[in-house]
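Based on the sequences and whatever the hints tell you, model everything.
Okay, so the sequence shown: first residue is 1 according to the working numbering, each after it adds one.
Just so you know, the hints here were simulated from the structure itself, not pulled from any lab data.
Be aware that one or more of the hints could be misleading.
Claimed, not checked - Per label pair, the in silico range of CB-to-CB distance:
hint, residue 1, residue 2, range
1, Q54, T101, 41 to 47 Å
2, R59, L100, 44 to 50 Å
3, T103, R59, 49 to 55 Å
Since the model is a prediction, treat every value here as computed from it, not as a measurement.
Glycine is no exception: its CB is placed at the ideal position from the N, C-alpha and C atoms.
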Amino acid sequence: MATTDLEGRVALVTGARRGIGFAIATALLEHGASVVVGGREPAQFDDLQQRLEQVAPGRVYGCAADLTTETGRAALVGAAPQIDILVNNAGGFTDVVDTLTSTEDEWNQQLHLNLTVPFLLCQAVLPQMIDRKWGRIINIGSVVVAAPQLGNAIGYVAAKSGLVGFTKQLSAEVASHGVTANVINPGTIKTEHLGEYFEASGVTEESIASGIAVGRLGRPAEIAAAVPFLASEQGGFITGAVIDINGGAVSA
Numbered sequence: 001m002a003t004t005d006l007e008g009r010v011a012l013v014t015g016a017r018r019g020i021g022f023a024i025a026t027a028l029l030e031h032g033a034s035v036v037v038g039g040r041e042p043a044q045f046d047d048l049q050q051r052l053e054q055v056a057p058g059r060v061y062g063c064a065a066d067l068t069t070e071t072g073r074a075a076l077v078g079a080a081p082q083i084d085i086l087v088n089n090a091g092g093f094t095d096v097v098d099t100l101t102s103t104e105d106e107w108n109q110q111l112h113l114n115l116t117v118p119f120l121l122c123q124a125v126l127p128q129m130i131d132r133k134w135g136r137i138i139n140i141g142s143v144v145v146a147a148p149q150l151g152n153a154i155g156y157v158a159a160k161s162g163l164v165g166f167t168k169q170l171s172a173e174v175a176s177h178g179v180t181a182n183v184i185n186p187g188t189i190k191t192e193h194l195g196e197y198f199e200a201s202g203v204t205e206e207s208i209a210s211g212i213a214v215g216r217l218g219r220p221a222e223i224a225a226a227v228p229f230l231a232s233e234q235g236g237f238i239t240g241a242v243i244d245i246n247g248g249a250v251s252a
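Now the structure itself:
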């Protein structure tokens with residue numbers, strides 16, 4: 001795929017500071033897009049912007065923004081002249097809680113971060129996409145949707161499952177306007193966030209890898225590689241799809 005496929009497009013990528021999100025932002029830059037990224041603190045955003053500027057000088061926008069707040073979302077969406085591509089990647093959990101042990105606050109926090117924030121960001125960018133008759137929404141889900149197991153957070157599983165249903169419904173609503181909406185469900189990917197989960201839960205990399213057909217954890221770049229295609233003109237006939245990238249851990 002030529003690196004100019006996304007030239008002139010602007011992509012908002014949430015949760016881009018590290019892991020899968022950073023890999024996605026990098027891949028989009030390498031394929032010609034500009035990116036909008038953020039961080040909760042100014043120092044976090046400055047560091048992220050500097051790292052991405054090394055990939056594509058002059059094509060990185062953004063600001064410090066807390067996406068759980070209306071003010072933060074508005075600031076990030078408004079950091080570029082337009083948003084053509086939205087990648088909802090921010091989310092995750094570190095504390096393992098099941099149905100019996102989860103508090104209502106933990107449940108609500110997981111739903112807000114992993115489902116409500118993506119919904120609100122879609123609402124924020126859709127009017128301009130519809131006006132231009134072109135847009136791409138890519139929501140990053142999780143393998144937990146298809147493979148529930150011990151060691152998860154119940155609110156996280158519910159939120160990611162809801163993200164699939166929301167994306168499918170959204171795809172039907174906006175298809176006639178030239179806007180696509182798809183979900184990528186990553187398997188277990190070796191990221192800094194996963195390392196924090198291992199430390200908090202006592203789960204080991206070896207135990208997880210033993211249940212994956214390819215015998216190892218995934219790499220952030222292996223998830224990111226799918227995003228430029230979905231965001232391109234060539235991906236315009238793909239909508240309402242759920243794309244599983246999990247090393248064979250789960251098969252239909």
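Quick rundown of the hints versus the structure:
no.: 1; hint: Q54 x T101: 41 to 47 Å; result: holds, 44 Å
no.: 2; hint: R59 x L100: 44 to 50 Å; result: holds, 48 Å
no.: 3; hint: T103 x R59: 49 to 55 Å; result: violated, 43 Å
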